[in-house]
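Engineer: Here is what each chain is made of, one letter per residue.
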Amino acid sequence: MLALTSDIHTPLHNWRAGVKLGLLSIAIVTLYLLKSPVLLAGAAGLTALLYRSFGAKFAAQGLRMLKPLRFFLGFILLWQVILGDAATGFAIVLRLATAVSLANLVTLSTRLDDLIDLVIWLASPARFIGLSPKPLALSIALVVRFVPVLLERANHMADAFRARSTKRPTFYIILPLIVSVLEDADHVALALRARGGLDGAFNP
Amino acid sequence: MQTKENDLVMIALFAALVAVLGLLPAIPMPWGIPVTAQSLGVMLAGAVLGAKRGGLSMLLFIGLVALGLPLLAGGRGGLGVFVSPTAGFVVGFPVAAFVTGVVMQNLRIDAMVASGIASLIGGIVVLYVMGIGGFWMLTDKGLMASITIMATYIPGDLVKVVLTAIVVGALVKARPQSLLSRQ
Amino acid sequence: MIQIQSLSCQYGDKTVLDTITLELTQARVGIVGRNGSGKSTLARAFSGLIRPEQGRILINGIDVLNDRKSSLSAVGILFQNPDHQIIFPTVEEEISFGLRQLGHSKADASTKTDETLANFGKSDWAKRPVSTLSQGQRHLVCLMSVLAMAPSVIILDEPFSGLDIPTTRALQKRLNQLDQTLIHITHDPAMIADYDRVLWIEGGKIIADGAPETVLPEYLRVMEADDAGAHL
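Protein chains in written order, with the working numbering: chain A, 16 to 219; chain B, 9 to 191; chain C, 190 to 421.
Don't take every hint at face value.
[Stated by the list, open to error] With a straight-line cut-off of 20 Å between C-alpha atoms, the simulated EDC-like cross-links for lysine to aspartate or glutamate are:
1. C:316 to A:128
2. C:394 to A:129
3. C:295 to A:198
4. A:149 to C:297
5. B:181 to C:202
6. C:316 to C:347
7. B:12 to A:198
[To be verified] To be clear about the criterion: a stretch of chain A counts as covered by chain B if any three or more of its residues have a C-beta under 8 Å from a C-beta of chain B, and this derived list gives those stretches:
8. 22-32
9. 51-58
10. 108-115
11. 119-130
12. 147-155
13. 179-191
[Unchecked claim] The calculated label-pair distances, taken between Cβ atoms and stated as ranges, are:
14. A:67 to C:355: 33 to 39 Å
15. A:28 to C:262: 36 to 42 Å
16. C:258 to B:133: 43 to 49 Å
17. B:159 to A:78: 27 to 33 Å
18. A:202 to C:318: 35 to 41 Å
19. C:194 to B:12: 24 to 30 Å
20. C:321 to A:136: 28 to 34 Å
21. A:36 to C:194: 27 to 33 Å
22. A:102 to B:185: 56 to 62 Å
23. A:70 to B:141: 24 to 30 Å
24. B:183 to A:70: 48 to 54 Å
25. B:12 to A:33: 27 to 33 Å
26. A:24 to B:185: 47 to 53 Å
27. C:366 to B:182: 39 to 45 Å
Keep in mind that the hints were calculated from the coordinates and are not lab data. The beta carbon of each residue, even a glycine, is placed where N, CA and C say it ideally should be.
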């Protein structure tokens with residue numbers, strides 16, 4: 016399945032996932048400590064420059080990921096202006112847009128596998144108290160594997176529904192879709208056990 | 009026979025199901041986040057799988073969103089989601105499923121009615137408290153603003169409560185063994 | 190050698206397998222029966238996947254139900270629907286998973302995965318997402334995953350349903366070349382016409398057992414009779 020990782024290679028792609036996440040956390044905490052709209056505008060400007068330095072196409076990708084936010088941000092700004100506190104309004108909007116952009120930058124520049132490895136590594140200390148990262152690794156794999164399977168099936172069901180009705184199918188296919196998932200779960204669990212299940216030697 | 013493999017697969021497949029429900033044709037909203045069947049999936053995770061499995065399933069789901077899979081309604085995903093104004097809702101998914109499951113497991117009345125009440129409490133009350141709380145935290149107390157926007161999603165969510173009850177009612181008849189919240 | 194000792198299975202109060210005792214030594218064994226005859230339950234029991242009410246199954250002396258670890262290299266199963274069998278998003282991960290389950294190191298499993306793919310001339314599949322493969326190709330991925338684990342017995346549970354004729358033929362050819370013992374569960378007698386032994390199961394009991402030339406014509410005659418009792 017397609018992760019949000021960008022195909023446009025940036026120097027950030029070569030950085031370690033853990034380092035990027037650490038820097039991101041520091042940046043976001045800093046953003047929340049800043050109250051001045053001027054300083055926040057500076058941070059937003061720097062973030063924009065950072066995106067732009069990886070090329071116009073990459074910057075456009077970054078902007079696209081901000082798109083769902085535009086109404087929220089506009090609404091917040093308008094609200095604060097009506098309340099007579101435009102400065103706070105600008106500060107909130109700039110802070111949110113910058114924080115989301117920086118977080119997206121990590122998402123855009125880090126491969127899913129690297130992030131999964133990082134999560135498994137972070138979960139590894141749990142081994143000492145008898146918890147294995149194995150169920151975590153298996154369940155991540157299963158979700159990535161089954162989203163396209165279920166999506167394809169949902170589309171088939173929607174087609175079958177449309178072939179016999181003029182109504183919107185989403186509402187009607189939910190029950191059969193869920194029943195099919197419950198049936199799948201039984202089969203998949205059996206197949207997983209056929210290859211050793213959770214007692215096998217596999218360890219991520 | 010409910011094995012630990014069954015539990016694991018159920019948890020994972022429900023996470024995948026919630027992703028797919030967010031991708032099905034939706035009602036677009038002017039502020040970007042469409043009304044999808046995704047939160048129905050959250051309610052069902054709690055009502056069908058029960059508190060622990062439902063909560064874990066949604067935790068897995070939001071974990072994968074954080075890792076950069078575009079699984080949220082409207083194809084959103086990535087770490088940015090968790091610092092955006094709607095972060096509270098996303099973080100609220102596992103809590104909502106867990107609470108739905110807790111109510112479902114403890115309300116020993118007809119499963120269909122119980123699932124309606126459970127999803128109303130878990131999928132609406134808990135989810136909105138967390139969603140609005142998140143908005144409040146991230147936007148410096150823009151509380152009224154947030155409530156105004158979010159209120160537009162409530163009618164759709166009430167429909168989902170009814171749908172959850174219908175699905176659970178159908179499952180009681182068709183596959184009672186799959187209603188793990190009542191085992 | 191496969192030994193089944195007075196095996197009984199029930200779902201609720203329905204008896205699905207009724208005190209079956211068998212000893213299989215042949216390399217190719219077919220099991221036929223109509224829908225609901227208990228043949229799929231038998232397939233699952235062979236692989237140690239269900240807990241029978243009574244009896245046990247030994248494959249080369251290994252109790253497949255209670256010794257899950259050893260049973261992994263004793264028996265593998267190929268299910269009807271590859272989408273139920275494939276757990277991992279890419280071909281390479283799927284094949285190496287079984288090897289890691291057997292205790293091979295990551296590097297070792299990776300080498301053996303490459304060898305398996307190369308054996309089938311599919312080295313270019315390694316990084317492919319399973320979702321981009323056709324149904325027949327997914328079946329082949331399942332077969333490669335099972336073969337990589339090198340079990341001495343492979344159970345086939347209707348592995349060809351839903352496949353077109355050329356794909357069925359190609360997969361069948363692959364299967365016929367295997368050194369492993371095959372137990373092929375099917376409702377289609379043509380699939381097992383050249384096998385060493387055929388069992389016909391009905392109502393949870395074995396009602397015929399012998400060479401395909403003796404069992405299959407009678408099976409066909411009964412199935413094609415007007416009142417064969419289709420389950421509709």
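Engineer: Against each hint, give a clear statement of whether it holds in the structure.
Structural biologist: We went through each hint and held it up to the structure:
Proximity of residue 316 of chain C to residue 128 of chain A is assessed by CA-CA distance (about 13 Å); at most 20 Å being required, the pair is judged to hold. For the given pair, residue 394 of chain C sits about 53 Å from residue 129 of chain A by alpha-carbon distance, which is inconsistent with the 20 Å threshold. As the CA atoms of residue 295 of chain C and residue 198 of chain A are separated by approximately 32 Å, the hinted pair breaks the 20 Å bound. Taking the CA atoms of residue 149 of chain A and residue 297 of chain C, the gap is about 19 Å. The hint holds against a cut of 20 Å.
Taken as a hint, the residue 181 of chain B and residue 202 of chain C pair is honoured in the structure, with Cα atoms around 19 Å apart against an allowance of 20 Å. The hinted pair formed by residue 316 of chain C and residue 347 of chain C fails the criterion: a straight-line CA distance of about 28 Å is larger than 20 Å. Annotation: proposed proximity of residue 12 of chain B to residue 198 of chain A holds, straight-line Cα distance about 16 Å (limit 20 Å). Against chain B, the stretch 22-32 of chain A contributes 0 residues with a C-beta closer than 8 Å to a partner C-beta. That does not satisfy the three-residue criterion, and the hint is violated.
Given a C-beta distance limit of less than 8 Å, the hint that chain B covers the stretch 51-58 of chain A is violated, as 0 residues qualify and 3 are needed. Check on the stretch 108-115 of chain A: 3 of its residues sit with their Cβ under 8 Å from a Cβ of chain B, so the three-residue criterion for coverage holds. Here the stretch 119-130 of chain A counts 7 residues with a CB under 8 Å from a CB of chain B, which clears the bar of 3, and the coverage holds. With a threshold of 8 Å between beta carbons, the proposed coverage of the stretch 147-155 of chain A by chain B holds, since 4 of its residues qualify and at least three are required.
Counting residues of the stretch 179-191 of chain A whose CB lies closer than 8 Å to any CB of chain B gives 7, so the stated coverage by that chain holds, three being the minimum. For residue 67 of chain A and residue 355 of chain C, the hinted distance range of 33 to 39 Å is not satisfied, since their beta carbons lie about 53 Å from each other. As the Cβ distance of residue 28 of chain A to residue 262 of chain C is approximately 41 Å, the hint placing it in 36 to 42 Å holds. In this structure the hint that residue 258 of chain C and residue 133 of chain B lie 43 to 49 Å apart at CB holds, the actual value being about 48 Å.
Checked against the hint of 27 to 33 Å, the pair residue 159 of chain B and residue 78 of chain A passes, with Cβ atoms roughly 29 Å apart. At about 21 Å, the CB distance of residue 202 of chain A to residue 318 of chain C disagrees with the hint of 35 to 41 Å. The hinted range of 24 to 30 Å is satisfied by residue 194 of chain C and residue 12 of chain B, whose Cβ atoms lie roughly 28 Å apart. For the pair residue 321 of chain C and residue 136 of chain A, the beta carbons lie near 29 Å from each other, so the given range of 28 to 34 Å is met.
The hint said 27 to 33 Å for the Cβ distance between residue 36 of chain A and residue 194 of chain C, and at roughly 56 Å that hint is violated. Under the hint 56 to 62 Å, the C-beta atoms of residue 102 of chain A and residue 185 of chain B, about 60 Å apart, fit the expected range. As the Cβ distance of residue 70 of chain A to residue 141 of chain B is approximately 38 Å, the hint placing it in 24 to 30 Å is violated. At roughly 52 Å, the beta-carbon separation of residue 183 of chain B and residue 70 of chain A lies within the given 48 to 54 Å, and the hint holds.
For the pair residue 12 of chain B and residue 33 of chain A, the beta carbons lie near 30 Å from each other, so the given range of 27 to 33 Å is met. Under the hint 47 to 53 Å, the C-beta atoms of residue 24 of chain A and residue 185 of chain B, about 50 Å apart, fit the expected range. With their beta carbons about 43 Å apart, residue 366 of chain C and residue 182 of chain B fall inside the hinted range of 39 to 45 Å.
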